[in-house]
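Asker: Please construct the entire structure, taking both the sequences and the accompanying hints into account.
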Amino acid sequence: MAEIRIEDLHKAFGDFTAVKRSNLTVGNGEFFVMLGPSGCGKTTTLRMIAGLELPTSGRILLDGEDVTFRRARERDIAFVFQLFALYPHMNVRQNIAFPLKCQGMAAADQRRRAEETARLLRIDHLLNQPISRLSGGDRQRVALGRAIVREPKAFLMDEPLGALDAEFRHIMCQELRALHDRVHATTVYVTHDQLEAMAMADKIAVMNQGIVEQFGSPQEIYDRPASMFVADFIGSPPMNFLRFTGAVAPGSTSVRLNGCTLPVPTIADGRSEGELALGVRPEHILFEDGSGLRGRVFGSEYLGTTQIVTVETNHGRVKARVPSDVAVRTGETVGIAFRTPSLSLFDATSGQALRLQRTAVGHG
Amino acid sequence: MAEIRAQAVSKSFGPIAAVRDLDLTVEDGSFVVLLGPTGAGKTTTLRLIAGLEKPDRGTVAIGGRDATALPPAARDVAFVFQQYSLYPHWSVFDNLAFPLRSPARRVPEDVIKRRVQEVAELLHIAPKLQNKATRLSGGEMQRVAIGRALVREPSVYLMDEPLSSLDAKLRAELRLELKRIQQDLGATMLYVTHDQVEAMTMATHIGVLNEGGLVQFGTPRQIYENPVDSYVATRLGIPRINLLPVEAVHVQAPRGAVLVGARTEHIKLVERPVNGTTVGLVQRLEHLGDQSHLHLRVADRQIVMLVDGHSPLKQGDPLGIELVQPLFFDADGRRVTGV
Numbered sequence: 001m002a003e004i005r006i007e008d009l010h011k012a013f014g015d016f017t018a019v020k021r022s023n024l025t026v027g028n029g030e031f032f033v034m035l036g037p038s039g040c041g042k043t044t045t046l047r048m049i050a051g052l053e054l055p056t057s058g059r060i061l062l063d064g065e066d067v068t069f070r071r072a073r074e075r076d077i078a079f080v081f082q083l084f085a086l087y088p089h090m091n092v093r094q095n096i097a098f099p100l101k102c103q104g105m106a107a108a109d110q111r112r113r114a115e116e117t118a119r120l121l122r123i124d125h126l127l128n129q130p131i132s133r134l135s136g137g138d139r140q141r142v143a144l145g146r147a148i149v150r151e152p153k154a155f156l157m158d159e160p161l162g163a164l165d166a167e168f169r170h171i172m173c174q175e176l177r178a179l180h181d182r183v184h185a186t187t188v189y190v191t192h193d194q195l196e197a198m199a200m201a202d203k204i205a206v207m208n209q210g211i212v213e214q215f216g217s218p219q220e221i222y223d224r225p226a227s228m229f230v231a232d233f234i235g236s237p238p239m240n241f242l243r244f245t246g247a248v249a250p251g252s253t254s255v256r257l258n259g260c261t262l263p264v265p266t267i268a269d270g271r272s273e274g275e276l277a278l279g280v281r282p283e284h285i286l287f288e289d290g291s292g293l294r295g296r297v298f299g300s301e302y303l304g305t306t307q308i309v310t311v312e313t314n315h316g317r318v319k320a321r322v323p324s325d326v327a328v329r330t331g332e333t334v335g336i337a338f339r340t341p342s343l344s345l346f347d348a349t350s351g352q353a354l355r356l357q358r359t360a361v362g363h364g
Numbered sequence: 001m002a003e004i005r006a007q008a009v010s011k012s013f014g015p016i017a018a019v020r021d022l023d024l025t026v027e028d029g030s031f032v033v034l035l036g037p038t039g040a041g042k043t044t045t046l047r048l049i050a051g052l053e054k055p056d057r058g059t060v061a062i063g064g065r066d067a068t069a070l071p072p073a074a075r076d077v078a079f080v081f082q083q084y085s086l087y088p089h090w091s092v093f094d095n096l097a098f099p100l101r102s103p104a105r106r107v108p109e110d111v112i113k114r115r116v117q118e119v120a121e122l123l124h125i126a127p128k129l130q131n132k133a134t135r136l137s138g139g140e141m142q143r144v145a146i147g148r149a150l151v152r153e154p155s156v157y158l159m160d161e162p163l164s165s166l167d168a169k170l171r172a173e174l175r176l177e178l179k180r181i182q183q184d185l186g187a188t189m190l191y192v193t194h195d196q197v198e199a200m201t202m203a204t205h206i207g208v209l210n211e212g213g214l215v216q217f218g219t220p221r222q223i224y225e226n227p228v229d230s231y232v233a234t235r236l237g238i239p240r241i242n243l244l245p246v247e248a249v250h251v252q253a254p255r256g257a258v259l260v261g262a263r264t265e266h267i268k269l270v271e272r273p274v275n276g277t278t279v280g281l282v283q284r285l286e287h288l289g290d291q292s293h294l295h296l297r298v299a300d301r302q303i304v305m306l307v308d309g310h311s312p313l314k315q316g317d318p319l320g321i322e323l324v325q326p327l328f329f330d331a332d333g334r335r336v337t338g339v
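Top to bottom, those sequences are chains G and E.
Sequential numbering from 1 applies to the first sequence in this note's numbering.
Sequential numbering from 1 applies to the second sequence in this note's numbering.
In short, the hints are calculated from the structure, not lab data.
Warning: the hint list may mix true and false statements.
Stated by the list, open to error - Below, a list of computed lysine-lysine pairs in the DSS-like style, where the Cα atoms sit at most 30 Å apart:
id, chain 1, residue 1, chain 2, residue 2
1, E, Lys169, E, Lys132
2, G, Lys203, G, Lys20
3, G, Lys203, E, Lys169
4, G, Lys153, G, Lys203
5, G, Lys20, E, Lys169
6, E, Lys113, E, Lys132
7, E, Lys113, E, Lys128
8, E, Lys169, E, Lys128
9, E, Lys314, G, Lys203
10, E, Lys314, G, Lys153
11, G, Lys153, G, Lys20
Answerer: Shown next, in the form of structure tokens:
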């Protein structure tokens, strides 16, 4: 197993910069997810780690060893594309053992390793089955088995679940993570799906236009987004922004929106007069009759345990996640309040978060 | 607007029964969503109502008139498909005006202009009317496709997964818009999807389909809180309902109950477990931001429940749990009530 480090990694395709001077460390045994919209540079970064692209500048270290210009097959990394590609004319055992056969491993060892791998994936009862008889899920497991049978130093996965429907994708997320908990292999996983990232990752790097916008645990990124881009990319519905013009002084504990004073966590660094945005997650909004901040209910969406209520305010539409037994009527006026410790504040011009001093963030 | 009534409708394709003996009433002004996985028969049902397929048996009535033998054009329905099919070389205006310009309708040009403008405003695409269809984003193209159905003011709207080709953010936005438009127009809508969130958030009534049959019909709340069987119970709810053999947990089960279904709101942590408390072992705590899922191993089964994301739980920790008013099912999966 291995640690992967990228230093000042830069990649340009002609005039287009795909990855801008990025630094990242993937710890030994970590499940690391690179998350971002298409074109953000996540796949290019992954391909440079794999050795399928050469960087314009910068270094890639695998277990402390510089592999920047090493060929792909000399890196001892397994690259998993969409988990579909299997050899249809071979059975499960042959499919799993195939990479070992290519290495010229003795037949008895091939057999033993293929069986171990199948046990790990809980498909050992299927070893002699032809691929055509397998369910979709078992096929995915075989494809995964073919990647892990080599016992490489690290796994790189590029949207491996992208082609699956939502329900099955969720099941495979659980399985991939459960497998990771058993083998603890260093994994770099690329996706544009924030739910996949949140569900599986130990650490997430959110990328945008070739830059790592934020790096941290899923909960850190969710609770304390470093930028409006991150706040908007993570969460469903995403974070609400209430935009306003004003100035904030270091040490102040409130902001003024439209004549309304709202408490916020203590502001660590101030801003002179300018465009600001108060960020609040849907589940941190409460309906309070007495609140000065008011809006009109635009609609509500029932989700079983909870509902999403959309409220039109002077600062734009705001989505609140509240228990589904809270009665709201479309068109009625409601007062809204926020759970203060969970708020974020952004410089709306640069998009960067202002530093706030906070104790532990309240949850739920 | 009009009601749709399908009675005892069946349709087979060779040996495969796509729709079996289906009775469905979509009331005037309601928004009915047919929910089911691939192959459940939802698209076939929609196509039978549109007249794109002929039923083997049964009748379809629209607005009180028997439409079973009518061709699609005579049924006064508008159909929106999953893949928007616009005329790429035409402007948004011309695409929207197309259904009105049919020679059979003979709509005067000033009426067309007014109608297109109204619909474009409703869908927030009025500033783009002169753009070519190819110069639009995916979301805008799908709005135009929906708009083309709206300009005609048909008796009913039929939509087949119109949002599924859009990204998650846009889908969420259009969900709310579509619901608003339907309410504003008082339109009768029959909408097909496999996405439970779309069904729950937009529908006045959901019809859950399985293997060509209608399993349950009711409001989203009825279907979520009161499913008729274990299949329906697993169709709604994120995370999915936990289904366990009744022996696996300490719970008072009604006669005949074989399975117990517990949604996250049916599971409570027990602070001080006593003899007889169901105990599970912590597998993993999954932080999803707005909520945290605790995966717990109970009698060799995995269950998922919601917990405070900041709780200091470690793998292997034992936890006492208690089920509060869970759902029970018999050996065939049918709901059993009453102790």
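Asker: For every hint, state whether the structure bears it out.
Answerer: Here is how each hint holds up against the structure:
1. E/Lys169 x E/Lys132: Within the cut-off at roughly 24 Å; holds.
2. G/Lys203 x G/Lys20: 20 Å, holds
3. G/Lys203 x E/Lys169: Satisfied, since the Cα-Cα distance of roughly 23 Å is no more than 30 Å.
4. G/Lys153 x G/Lys203: 18 Å, holds
5. G/Lys20 x E/Lys169: 27 Å, holds
6. E/Lys113 x E/Lys132: Holds, at about 17 Å.
7. E/Lys113 x E/Lys128: Answer holds: E/Lys113 to E/Lys128 is near 14 Å, not above 30 Å.
8. E/Lys169 x E/Lys128: Roughly 21 Å separates the two Cα atoms, so the pair holds.
9. E/Lys314 x G/Lys203: 18 Å, holds
10. E/Lys314 x G/Lys153: 27 Å, holds
11. G/Lys153 x G/Lys20: 26 Å, holds
Comparing the model with each earlier hint shows no violations; every hint is respected.
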